[in-house]
Structure formats: structure tokens, C-alpha cells
Amino acid sequence: MERRTVLGILVQLGSAAVALVVGIPALITALSPASARRRGPAWRSLGPIEQFPVGEVRSAVIGRPAAEHTAEGRSGAERAAEGRATAGRATAERATAKGASGAAVAQSVYVWRRSAEEVVVFSRSCTDLGCPVTWDPGSHCFLCPCHGGIFAKDGERMAGPPDRPLYRYANRVRDGRLEIDLSSVPPMV
Amino acid sequence: MASGPIAWLARRSRLKSAWHWVRDRFQLREIWQHVLDRRVAKGSWYFGDGATLFLLFIVLVVTGAAMTLSYSSASDEAYDSVRQITYGQPLGWFVRGLHYWSAGLMVVMLFFHLFRQILLGGYKSPREGSWLFGVFLFFGVMIMSLLGYILRWDERGIYALRVALNIFYRVPWIGEELVLLVQGGPEIGSETLSRIYAVHVIIGPLLLTSLIAYHLYLVVRHSITSPTERERPVETASEQRAVYERDALSKERGEIFYPDTVAKSGLMGAIFLALGIGLTFALGGGRLYPEANLAEPSYPMEEWWWSWFSALAALLPPWLASYFYVGFPLLLFVVLILLPFIDRGPHRGMRNRPIAVVLVSACVIALLGLSSLRIRSAWTAWPQPTPPPVPEGMVLPPEAEQGRQLFARYGCNSCHAIDGHGPGVGPDLADLRETLSYAEMRSYILQPPPGVAMPPYEDRLSEEELDRLVDFVMVVQTARQQ
Chain L
1 MERRTVLGIL VQLGSAAVAL VVGIPALITA LSPASARRRG PAWRSLGPIE
51 QFPVGEVRSA VIGRPAAEHT AEGRSGAERA AEGRATAGRA TAERATAKGA
101 SGAAVAQSVY VWRRSAEEVV VFSRSCTDLG CPVTWDPGSH CFLCPCHGGI
151 FAKDGERMAG PPDRPLYRYA NRVRDGRLEI DLSSVPPMV
Chain G
1 MASGPIAWLA RRSRLKSAWH WVRDRFQLRE IWQHVLDRRV AKGSWYFGDG
51 ATLFLLFIVL VVTGAAMTLS YSSASDEAYD SVRQITYGQP LGWFVRGLHY
101 WSAGLMVVML FFHLFRQILL GGYKSPREGS WLFGVFLFFG VMIMSLLGYI
151 LRWDERGIYA LRVALNIFYR VPWIGEELVL LVQGGPEIGS ETLSRIYAVH
201 VIIGPLLLTS LIAYHLYLVV RHSITSPTER ERPVETASEQ RAVYERDALS
251 KERGEIFYPD TVAKSGLMGA IFLALGIGLT FALGGGRLYP EANLAEPSYP
301 MEEWWWSWFS ALAALLPPWL ASYFYVGFPL LLFVVLILLP FIDRGPHRGM
351 RNRPIAVVLV SACVIALLGL SSLRIRSAWT AWPQPTPPPV PEGMVLPPEA
401 EQGRQLFARY GCNSCHAIDG HGPGVGPDLA DLRETLSYAE MRSYILQPPP
451 GVAMPPYEDR LSEEELDRLV DFVMVVQTAR QQ
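Quick mapping for you: the protein sequence lines, in order, are chains L and G. Using the working numbering, you'd call the opening residue of the first sequence number 1 and step up by one each time. Using the working numbering, you'd call the opening residue of the second sequence number 1 and step up by one each time.
Errors might be hidden in some of the hints.
Quick look at which bits of chain L chain G covers, simulated, 3 or more residues with Cβ under 8 Å [stated by the list, open to error]: (1) 35 to 48; (2) 168 to 178; (3) 183 to 189.
Below, in silico cross-link-like pairs of lysine to aspartate or glutamate (EDC-like), each with a Cα-Cα straight-line distance of 20 Å or less [as the list claims (entries may be wrong)]: (4) G:Lys264 x G:Asp37; (5) L:Lys153 x G:Glu458; (6) G:Lys251 x G:Glu235; (7) G:Lys16 x G:Glu30; (8) G:Lys251 x G:Glu458; (9) L:Lys153 x G:Asp459.
Read the hints as simulated data drawn from the structure, not as lab findings. Yeah, the Cβ is synthetic: ideal placement off N, Cα and C, and Gly gets one too.
All chains, please: the whole structure from these sequences, using the hints.
If you want it as C-alpha cells, here you go:
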């Protein structure tokens, strides 16, 4: 081969190598949040279960995570104390929606206490494109403001483009407080 | 040598040698010869759309850069910093307003530019490369036009973000990963805003600048569709070059790029900039809605240049909607990229290309029609605080008046209008196509037939309440028919 051809190949290979050495790490680190799925359940309080009368649909703001700010190595008692303190605050903060969730953005859900034992917690995110559904106490429907989605009291689709019922959070009652698992619905919900 | 203030200054004897130095050291003669002082084919008045896009882009870069100096991308500070820019800084409202209106006008111009090239066959050989970069730019600018108003971090912004995330979630196989990638974590928060900021302010403008630079380079090399190209079939790239060359050199069909072409396209750009400034003064610096939250009841809307998409989402049948959200942008991207290879006929311009004319006309009508449908949003049911007004000239008996109050209490008016007042989701009850008897209407309300999007009132209404409601509807109906 001629000198020029060889040198040309080397230059091109060298450029490709430089691009890969810089580009691949940049790409990997930029893409890394894609695998940052929640590991295990993330329980958040919605407040005392007595706030939700049987048969009714009520809105509730998702409380801040009980143990998120607890540093490793603290005693269980300390952690529990902090958990109680945050839980106590959650009620007061229900009034002011901003900052109540402790996360960046305050978020509310709809709680339908079907019976004394059974609670259904709906996401307010319309299953079409995520606009915020509003409970209409008159017609007992969830109404979406964007594209005509209407859901029945049990979350089933009644009209509009949605192709599935409202998302439901897994829930439980712990120490008289209603809790939901954020990992039980898709991440943008 | 050129005319104009720079040339005039350069001819002054004292400055002459200085000018020669600048011209040599900065190699200005080459730009002059190859870009400015060259003969080009004349274009129609609307060929200034590209220059308008370029000018609006520069306006967006300048106004955007000015705002980044004060904007905070921390999710608990972003909204306040936008307020501060708008209301606290001298002329901040003007800079933000001009950014907002330039963005909207740029989307309008972008569609115009796209349609114009389809009408003229501007993608035909040898201009496939210019077209390809144009397609990238189209998608790039459309994405930027969405990201920009997410940064306001108000309710409209955060729900625009969530709509985008819901579209990503529908991508097969990797939907959830895409959502996590855009969100930067398992929920919408500070990481999300940082990423949107990085893309809108750094990555996006860098990419757009490079794409625009290459797009313009190719436009200078391959030029615009000349008058003769539009009149007679041109088969190959070399044939096109010969035809173009004749046009550019002819007296009637050609002109000099600077200042002739620049002045003409610059005029169109200046008119649109003036329009943006006028809109900023007339309608203000772009509204700011309540701070981003997912907690309060909200009635968010997309920005006006996306209305057509929203109407499409509302009107498509549910089975199609789920494919549409992912399929439509993908299909559009692929079709646009392949267009030069699909449409291989020798004709350019509108005269011999009826398909292009019909297609573009249909798109324009659809965009305008869908947008106007979105303004009315007749498909949206929403709680109405007050009962519908009594139809004009009608006196309601006390039973029917009670029914009118119940009509609001039981949310009938969230969907039904009375005599044109109220939402149009369900039928207007003063104007039913088939009239029901008293008993039929009673049972309809208690248990609507299957497939009708109306909740059953079986367990909710007393006999008395049901009678009053039916009284009301019967009275407005009969009065209407007489």
C-alpha cells in the first residue's frame, strides 16, 4: 500500500477512536437515569384514614417520604422519631399544597373509600396523555380537561381517547394512616 | 466594489489602507465573491421565509441568552426567577415576550417553509441534502418550542411535560426507560427541570446552530428553485444546474444576491419581527400560570402552536390514539426524509404537481380547522358552578325551577347544554333529536343504555328529585318545539 493510503486509514481510525473515547462515556452517563427504576416499594402517607368517609371520593396530597432524609447509621429510634415528626407535619401541609410532598412538585391523588375496609386510590393523571382529571361531585365522574376523557367513579373509561381505566396505587393502612406505593404506577404518573 | 456605509467608509483615503488590511487578514474577499456578490435566480416575495426563520432564530438566541443570566433551573426557584425576569427586571417583560412570540411565529414560519418546499419540489435533485437538514431542523425546532415553555415551570409547562412523558411511555419495549431518561429519576422533579434546561439552552441551540449552518451552506451551493425550473421538467442534477445558471445570468430572471435578494428576504423577516414586537406590546410578554404543581385542580392548555395536535388527540378513535402518538411523529419523520426519493418526477413548482397542491392545501385546512376546534373544545366535560340560564322569554313553573337547580347539583350541566348554554359533550337537552316520553326519560336517567357515556343515577336520586329534573327538561323542550 502507498504511504498516503496507510496514513489516511490511520488518521480516520484515530479520529474514530477519539470520538469513541469521549463520546461513549458521555453517552453512558447521560443515559444512566434510564435504568434508575425504583427498587422496592416507596410508601407515602395520605393522612389519617378517618379523613376519608366511606362511599366518598376525596382528594389528598401525597405526603413527604418518611425516611428519605435520614442519614445512614442513625439509630432506629431516631429514624422513627423523624418519621413521626414528618407525618405530623403532613396534615398541616395539606392546606398549602406547595412543598407538601417533600419532592420537587406537590402531587395529589383521589381516594375512594369504597367500604370501611376497601380503599381505592386513583392517580389524577389521565390515562390518555396525563392531563389532571378532576372529580365532579355532581355527576360522580372524573373529567379530563384536555381531550375529552371521562372516567366513572370506579375509574373505568366512559368517553374520550383513553384506552384504559385510571391508574390505581397499591395502598395499605399503617397506624391509622392511609399509605400508597409510588412504585405501583408508571413513573410519569 | 460594493455600496453601503461600510464601502463608503472604506473608500475614505485614510481608512483605505486599514480596510485593505482587514480585507486581507480576515479573507473577506472570498466571502464577498462566493456568497454576496454572486448572481442568483430571482425568487418570489415569499422566498424570504427562510431568512425570516434565520432572523427569528437569532432573536431567540439573543433574548434567550439574556434570560439565562437570571433564570434558575432549580425546581423550587425556577418559577420565581421567571416572575423576576418578567416583572422585576427592566424590559424583562419585553425580552421574554419577544422570545415567546418569536418562538410561536417561528413555528408558523416553519410550517410555511416546509409547505412551500413541498409545493415547489424544493427537495428535488440536487437539493436532497438541503432538504434532509431542513427535516432535522423542523423536528428540532418543534421540540424546542415545547421545551421552552416547560422551563416557565408553571401549570401549563408541567402538564406539557407530562403529556410528552405519556407519549414516550407508549413507545413499545423501551417506554418506561425513555420516561426515566427524560425525567432523570422516578418522578418529575428537580432532575427533570435540569435536563430540560440543558437541552433547551445548551444542547438544542448548539445542534440547531450547526444544522442551520450546514443547511445554509447547502442552500448557497445549490441555491433556490429558479423560475425556469418551475416552468419546465428538469430531469437530472446537471440539467438543473444548467437551467439555473441561465436564469441567474439572465437580466429578467436573475439578480445579485447582495443587496437585491438580501433586501427582499430581509424585508419579510423585518415584517415578522415587527409582528412579534407588536404582539408583545399588544398581548403582553407571554402569560404566566400558577406555579408548577400536580396537586391543584387545573385546566391546562398547550401553547397555541400545538392546538392542532391536541384537537387531533381528542378526535381520534381510542383504538387509533395509542398508535398515533408514537406512530405519527415517526411516520412523519420517515416520510419527510424519503420524500425526495418518493417524488421523483421531473416537474417542480405547482403547475404540474396537483398531488402536492392538494396535499398541502389539505394540511393547511386541517391545521387551521383543528386549531379552531381546539379553541371550542366541545369534547370537554367540566363542572359548571351555576345552573344553565332559563331560556329567553320562558317562565319556569316552580317544579321545573327546582329541576333547574338539581340540574347543576347533579352535574348534568357538566356535559349537557340547555338551549346552547353549556358544554356540548352530551346532547343539548332543549333540542333533543328524538324526544323521550316522561317515563322513558326517567328510566334513561336512572340507567342509561349501554355504550352511552353517562353515569347511572339509580342510587343517587330520590323519586321526587328525578321528577323535578324531568319536569325541567320537559318544559324547556316543549317550549322549544312550539
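Going through the hints against the structure:
1. 35 to 48: holds (count 5)
2. 168 to 178: violated (count 0)
3. 183 to 189: Coverage by chain G holds for the stretch 183 to 189 of chain L (4 residues, Cβ < 8 Å).
4. G:Lys264 x G:Asp37: holds, 15 Å
5. L:Lys153 x G:Glu458: Given that 20 Å is the threshold and the Cα spacing comes to 14 Å, the pair holds.
6. G:Lys251 x G:Glu235: Violated, because 25 Å separates the two Cα atoms, which is more than 20 Å.
7. G:Lys16 x G:Glu30: Holds - the C-alpha atoms of Glu30 of chain G and Lys16 of chain G are around 19 Å apart, at most 20 Å.
8. G:Lys251 x G:Glu458: Distance ~83 Å between Lys251 of chain G and Glu458 of chain G Cα, so the pair is violated.
9. L:Lys153 x G:Asp459: holds, 13 Å
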